[in-house]
Amino acid sequence: MAQRGNVTMRLWRGTAAGGQFVDYQVAREEGMVVLDAVHAVQAQQANDLSVRWNCKAGKCGSCSAEVNGYPRLMCMTRLDLFDPGEPITVAPLKTFPLVKDLVTNVRWNFESAKRIPPLKPGPLTAEEQRKGEFQMMQQDVDRIQEFRKCIECFLCQDTCHVLRDAQDTDKFFGPRQMIRLANLEMHPKDSADRIPMIKKEAGVGMCNITKCCTEVCPEHIRITDNGIIPLKERVVDRYYDPVTMLLNALRPGNTKLR
Amino acid sequence: MQYRIEAFDVVVVGAGGAGLRAAIEASARGKRTAIICKSLLGKAHTVMAEGGVAAALRNVDERDNWQVHFRDTMRGGKFLNNWRMAQLHAQEAPERVRELERWGAVFDRTKDGWINQRNFGGHAYPRLAHVGDRTGLEIIRTLQDKGVHGGIAVFMEHTVVKLFKSEGRICGALCYERETGRFLLFKCKAIVLATGGVGRCYKVTSNSWEYTGDGQALGYEAGADLMDMEFTQFHPTAMVWPPSVKGILVTEGVRGEGGILRNSKGERFMFKYISPLFAKETADTEEEAKRWLEGDKAARRPPELLTRDEVARAIRNEVKQGRGTKHGGVFLDISWRDPAFVKAKLPSMYHQFKELAGVDITKEPMEVGPTMHYHMGGLRVDAESAMTTVPGLFAAGEVAAGLHGANRLGGNSLSDLLVFGKRAGEFAATWAERHEAREPDAAEVGAALQGAMAPLEREQGENPFALQAELQQVMQDLVGMIRERGELGQAVERIQELKKRAQQCAAPGNRMYNAGWHTALDIQHLLVSAEAITRSALLREESRGAHTRDDFPQTDKEKWSKVNVLCRPGADGAMSVTTEPLPAWPDDARKLIEGTLEAVTTKEAA
Chain A
1 MAQRGNVTMR
11 LWRGTAAGGQ
21 FVDYQVAREE
31 GMVVLDAVHA
41 VQAQQANDLS
51 VRWNCKAGKC
61 GSCSAEVNGY
71 PRLMCMTRLD
81 LFDPGEPITV
91 APLKTFPLVK
101 DLVTNVRWNF
111 ESAKRIPPLK
121 PGPLTAEEQR
131 KGEFQMMQQD
141 VDRIQEFRKC
151 IECFLCQDTC
161 HVLRDAQDTD
171 KFFGPRQMIR
181 LANLEMHPKD
191 SADRIPMIKK
201 EAGVGMCNIT
211 KCCTEVCPEH
221 IRITDNGIIP
231 LKERVVDRYY
241 DPVTMLLNAL
251 RPGNTKLR
Chain B
1 MQYRIEAFDV
11 VVVGAGGAGL
21 RAAIEASARG
31 KRTAIICKSL
41 LGKAHTVMAE
51 GGVAAALRNV
61 DERDNWQVHF
71 RDTMRGGKFL
81 NNWRMAQLHA
91 QEAPERVREL
101 ERWGAVFDRT
111 KDGWINQRNF
121 GGHAYPRLAH
131 VGDRTGLEII
141 RTLQDKGVHG
151 GIAVFMEHTV
161 VKLFKSEGRI
171 CGALCYERET
181 GRFLLFKCKA
191 IVLATGGVGR
201 CYKVTSNSWE
211 YTGDGQALGY
221 EAGADLMDME
231 FTQFHPTAMV
241 WPPSVKGILV
251 TEGVRGEGGI
261 LRNSKGERFM
271 FKYISPLFAK
281 ETADTEEEAK
291 RWLEGDKAAR
301 RPPELLTRDE
311 VARAIRNEVK
321 QGRGTKHGGV
331 FLDISWRDPA
341 FVKAKLPSMY
351 HQFKELAGVD
361 ITKEPMEVGP
371 TMHYHMGGLR
381 VDAESAMTTV
391 PGLFAAGEVA
401 AGLHGANRLG
411 GNSLSDLLVF
421 GKRAGEFAAT
431 WAERHEAREP
441 DAAEVGAALQ
451 GAMAPLEREQ
461 GENPFALQAE
471 LQQVMQDLVG
481 MIRERGELGQ
491 AVERIQELKK
501 RAQQCAAPGN
511 RMYNAGWHTA
521 LDIQHLLVSA
531 EAITRSALLR
541 EESRGAHTRD
551 DFPQTDKEKW
561 SKVNVLCRPG
571 ADGAMSVTTE
581 PLPAWPDDAR
591 KLIEGTLEAV
601 TTKEAA
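Quick note, the sequences are listed as chains A and B, same order.
Counting along the first sequence from 1, when you hit position 28 you're at 28 in our numbering, and nothing is skipped either side.
Counting along the second sequence from 1, when you hit position 298 you're at 298 in our numbering, and nothing is skipped either side.
Watch out, some of these pointers could steer you wrong.
Stated by the list, open to error - To spell it out: a stretch of chain A is covered by chain B in this simulated footprint if at least three of its residues, at any positions, have a beta carbon under 8 angstroms from a beta carbon of chain B; those stretches are: (1) 83 to 94; (2) 123 to 134; (3) 243 to 249.
To be verified - Below are the PhoX-like pairs computed for lysine-lysine, each with C-alpha atoms no more than 20 angstroms apart in a straight line: (4) B:Lys343 x A:Lys149; (5) A:Lys149 x A:Lys200; (6) B:Lys203 x B:Lys246; (7) A:Lys120 x A:Lys171; (8) B:Lys246 x A:Lys149; (9) B:Lys354 x A:Lys131; (10) B:Lys111 x A:Lys189; (11) B:Lys165 x B:Lys187; (12) B:Lys280 x B:Lys265; (13) A:Lys171 x A:Lys211; (14) B:Lys326 x B:Lys111; (15) B:Lys280 x B:Lys500.
Hints are computed from structural coordinates only; laboratory data are not their basis.
Where a beta carbon is used, it is the ideal one built from N, C-alpha and C, also for glycine.
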């Protein structure tokens, strides 16, 4: 249904030193998304308003914000999703340090990505070596292609309780990097062992499976079910399998039990 | 005014496919390498590429090889391409794609488990390696991950405002950091420009805010030649409704997977627009087109898969003749295929239409029309080394000219980024090996810095956003898909006036992440390309590829088929526009191209 008239955009203005929500009136157009309304404010009323964006089509993951308290891409959120009489509140991602207005410092995500060992292709067949390509069946890559849809909007990181409320960024890499790790671990041709780092450095055990990350993912990646839980299982298999634990304990030279 | 100093061997400006590939290469060759990106890492324009990357892998059709890819590229470019670039591109693209797979990219597979390939406009055989309709994301993420593990220094959200030379050679770049507004001077031995295109000078475009022709302007101001600037590609299919999404891309992959174009009368109109150049290999009945899609190798390709320039002109003509849709487009229909197939092959198109337009493309047709998408023109480069006409300054990807001639084939951009990104990185590293660093002149740096600060210091002045919108309207109305002398002349005058006003932009607020300030600086870059596009379009008195002149509808087989148009700063500082002969084709290249040349030179523009 087309809505006419103005919409009140209640935008966060300010820096880490302080700020407040400011109301702006914007004329509605059919099909308008939140990012359009923010741009209208920027072009006409507040030239110095800070906002990140690029593709405006849900492909780059730049324009993440909290719209009426919910983590969303501004470019994919239509105004007519909300009650026409109510103001639309746009706030920066809460999990990350504020830079200015709607922009936060998300550099931490890039730093943790750097610490993840890249793909290490395992032994290749003669045919694969000749062609310089991997032979992998589509059904064997379907599950990692799901993870590779990630556009790095960091909405999952924003909503993760471990990062958002506890701010345990030194203990847990967060859902985005779990997906990166799951992609590498489940790659049919990978031969690296990341299980120790998934357990310790990346801290997969910190996730308590509330699945909030899955709920906010604009790419509809089943982060928890298909990514994090299988990683937890791999860690359990390696470190907490009772038979393996017993065998390890009885291994000559092991002094832990004595 | 203070600025920080950083020193590197090679500085890459731009972190899309070409920039990342160049930086990976320079770094792998032992050079201290920095990459400067205008946005966050992984958000550059490459991420939006949808359909695929063209490379004659021969995984789906064994008849394909680099020679056919070369021929297709030259024909698509209406023979204005630099033949050597087209040859290198066709020869090296397969290895560049396979290398991505070894770095972690996961392309869609064939039944046997190799990299799958799809059909696309102008490519004789299924040639595009792809991942559904998000191939660009796959490529940029792969390169990004490779890059950060290769020791490249990444400067995110930094924008370059000026390049410096010493004794004719490139020696540095000045940029500002978006977050703080502080300035950084990079001292280096070589610079690779990989900044992409100029779409933001048009109102209807698939390009993001970043696409303000920074590399074109920085290079031009450093004395490098601009070439083929008149060739702006209008992609035939973008969303047209609702207004807020007008211009957003609808991948050519829709047509590659069987999408059909119809006008408001229900006619499949592309059959009327088959030019002689492509008549031999294009189906002339719906029945034959259907057989081709079902895999009949004896059948010819549907006319929806003609090159972008041809399809865009056909759509414009249908709309102009009154056979358009309510919102000024035509219908693109993939709903006749199985919904599960559509969702698997075109997932982001499905979501894009569902969420932004309320249209279910598995049940109903899309409304589409042309959008400014890509720029074939740009900095003139040496085919082998990707060096511009300024020593030590390299360019790769969309910012460089030559490979695509008068019209680019879909899928040839992603392969361009990889092939020439790698080459630029390689040759920039070699250059850095052989040359000493030099000092940028302190007075020049100071002047550039003051110029960049001016909009912040002005209390009253032009609104940069309003000025940019004015420029977009001028280009859209007067330098659009169909051009004419009178309108182009008017555009030149309007651009001169806008150039003066752009010097008077004011940006209220401070230096921290100030969008008004950034736009005030961007628009100065944008105006250089806008002027070059307009002046080149005025000079080229013929219609060829993406450049269509209403007053010169013929493709000229004499003068204009033999020259490139160049823009460079004149002695008085004004832009001078000249022509220069195309590099001569050697016999083996000529043989591959021949037989098709006659058709284009007698063709009439639609």
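Quick rundown of the hints versus the structure:
1. Counting residues of the region 83 to 94 of chain A whose CB falls under 8 angstroms from any CB of chain B gives 0; the rule of at least 3 is not met.
2. Using a Cβ-Cβ cut-off of 8 angstroms, 4 residues of the region 123 to 134 of chain A lie near chain B, which meets the minimum of three, so the contact claim holds.
3. Counting residues of the region 243 to 249 of chain A whose CB falls under 8 angstroms from any CB of chain B gives 0; the rule of at least 3 is not met.
4. A C-alpha spacing of about 14 angstroms is found between Lys343 of chain B and Lys149 of chain A, which places the hinted pair at or below 20 angstroms, so the restraint holds.
5. Pair hint Lys149 of chain A plus Lys200 of chain A does not hold up; C-alpha atoms about 26 angstroms apart against a cutoff of 20 angstroms.
6. At most 20 angstroms may separate the alpha-carbon atoms for a hinted pair to count; Lys203 of chain B and Lys246 of chain B meet this at roughly 10 angstroms.
7. Distance restraint check for Lys120 of chain A and Lys171 of chain A: the Cα-Cα separation of roughly 25 angstroms exceeds the 20 angstroms cut-off, and the hinted pair is therefore not satisfied.
8. Using a Cα cut-off of 20 angstroms, the hinted pair Lys246 of chain B and Lys149 of chain A is violated, with the two alpha carbons roughly 25 angstroms apart.
9. For the hint linking Lys354 of chain B to Lys131 of chain A, the alpha-carbon distance of about 40 angstroms lies beyond 20 angstroms, and the restraint is violated.
10. Among the hinted pairs, Lys111 of chain B with Lys189 of chain A is consistent with the structure: their alpha-carbon atoms are about 18 angstroms apart, no more than 20 angstroms.
11. Pair hint Lys165 of chain B plus Lys187 of chain B holds up; C-alpha atoms about 10 angstroms apart against a cutoff of 20 angstroms.
12. In summary, the hint linking Lys280 of chain B to Lys265 of chain B is not supported, as the alpha carbons are separated by about 28 angstroms, beyond the 20 angstroms threshold.
13. Using a Cα cut-off of 20 angstroms, the hinted pair Lys171 of chain A and Lys211 of chain A holds, with the two alpha carbons roughly 19 angstroms apart.
14. At roughly 42 angstroms between alpha-carbon atoms, Lys326 of chain B and Lys111 of chain B are farther apart than 20 angstroms, so this suggested pair is violated.
15. With a CA separation close to 51 angstroms, the supplied pair Lys280 of chain B and Lys500 of chain B exceeds the 20 angstroms bound.
In the structure shown, a violation is registered for the earlier hints numbered 1, 3, 5, 7, 8, 9, 12, 14 and 15, in ascending order.
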